Amino acid sequence: MIKVLFFAQVRELLDTPSLTLAAGQDTRNAGALRATLAARDELWARVMASERLLVAVNQTLSDWDAEIRDGDEVAFFPPMTGG
Amino acid sequence: MSREVNMSRELNMSAGGDGRQHGQDLIRVQQQDFSVADEYARLAGDAADGALVTFVGKVRDFNDGRTVTSLSLEHYPGMTEGVLERLVAQARARWPLGRVTVIHRVGTLALGEQIVFIGVSSAHRQAAFSACEYLIDFLKTQAPFWKLEADNHERRWVEARDRDQDAAGRWQE
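One line per chain: the protein sequences are A and B, in this order. Heads up: the first sequence runs through residues 1 to 83, numbered per our numbering. Heads up: the second sequence runs through residues 1 to 173, numbered per our numbering.
Mixed in with the good hints there might be a few duds.
[Said to hold, decoys possible] Covered by chain A, per the in silico footprint, the following chain B stretches (three or more residues, Cβ under 8 Å):
1. 70 to 77
2. 140 to 146
[As the list claims (entries may be wrong)] Which chain A residues face chain B? A few, computed with CB under 7 Å, are given here:
3. Phe7
4. Ala8
5. Ala23
6. Gln59
7. Gly82
8. Gly83
Don't read these hints as lab results, they were simulated from the structure. Source: prediction; values computed, not measured. Glycine included, each C-beta is placed from N, C-alpha and C at the ideal position.
Please work from the sequences and hints to get the whole structure.
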C-alpha cells in the first residue's frame with residue numbers, strides 16, 4: 001500500500017487529510033500518482049492540476065518522476081510559508 | 001489537522017569536553033511559546049564562542065495590505081524535523097559553528113506572538129551572522145510549514161513569495 005497525505009490548502013480543498021492506495025502501475029512515480037488522483041473527479045482534477053503543487057516522497061521534496069514503491073509515503077502540498 | 005504537542009528532539013546534547021566537533025543542535029517544533037532569554041542562555045554557554053546571533057520571527061499585523069488578527073500554522077510532522085536537521089547540517093558544513101537552535105511554533109498564534117527562533121553561536125561573527133540568515137532563508141522555502149491568516153471577516157492561506165525563493169537562491173554557489 002501507498003500512504004498519501006495532503007496538507008494545508010490542498011488538504012482543505014480536497015477535504016481529505018490522507019488515503020491509502022494499492023501500489024501499481026498507476027502509482028509507479030509521483031507524476032503517475034498525481035494523474036491517478038486527478039482522474040477521481042473534477043475537484044481532484046483541478047487541485048492536482050495546480051502548477052504550484054509540490055510533492056514529497058518519503059518526506060523528501062521530490063520531482064514528478066520520482067519513483068514510488070510499495071510502502072512509501074507520498075505527500076502533496078502547496079509551497080511552504082513558514083518562518 | 002495533525003498537531004504535535006511538544007515534539008521535541010534534542011540532538012547531540014552530549015555536554016562539554018570535545019563534543020564541540022559536531023557541536024550542539026537543538027531543534028524543536030512545538031505549540032507553546034519559547035523564552036528568548038532561556039534560549040540565549042543555552043547558546044551562550046560555551047566560552048569558545050565569541051559571537052552569538054539570534055533571529056525571532058513574529059506575527060505581524062498586516063500582510064499583502066490586509067489586516068491580520070491571528071495566524072494558524074500547520075506542518076508535516078516528521079518531514080519538518082528531518083528538513084530542519086538537514087538544514088542545520090548544511091549550515092555546519094559551510095561555517096564553523098558552536099551551538100545551533102531552531103524552534104518553530106505550530107497551532108494558532110495571536111498578533112505579536114513569536115513564531116520562530118534561530119540562534120547560532122560561533123567563534124566569529126561572520127559565521128554566526130551568515131549561518132543564521134542561511135537557516136531562516138531555507139527554513140522559509142524548504143521546511144513544510146503553512147500559514148493560515150485570519151482577520152475579522154475571513155481566513156486565507158498565505159501565498160509563497162518569489163522574494164523568499166530568491167533569498168534562498170542567493171546561497172547557491
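For each hint, the structure was consulted:
1. 70 to 77: Contact hint for the stretch 70 to 77 of chain B vs chain A: holds, 4 residues under 8 Å.
2. 140 to 146: holds (count 7)
3. Phe7: holds, 6 Å
4. Ala8: holds, 4 Å
5. Ala23: For Ala23/A, the interface hint is violated, since the closest Cβ of chain B sits about 21 Å away, which is over 7 Å.
6. Gln59: holds, 4 Å
7. Gly82: holds, 3 Å
8. Gly83: holds, 4 Å
In summary, the structure is inconsistent with hint 5 from the numbered list given earlier, while agreeing with all the others.
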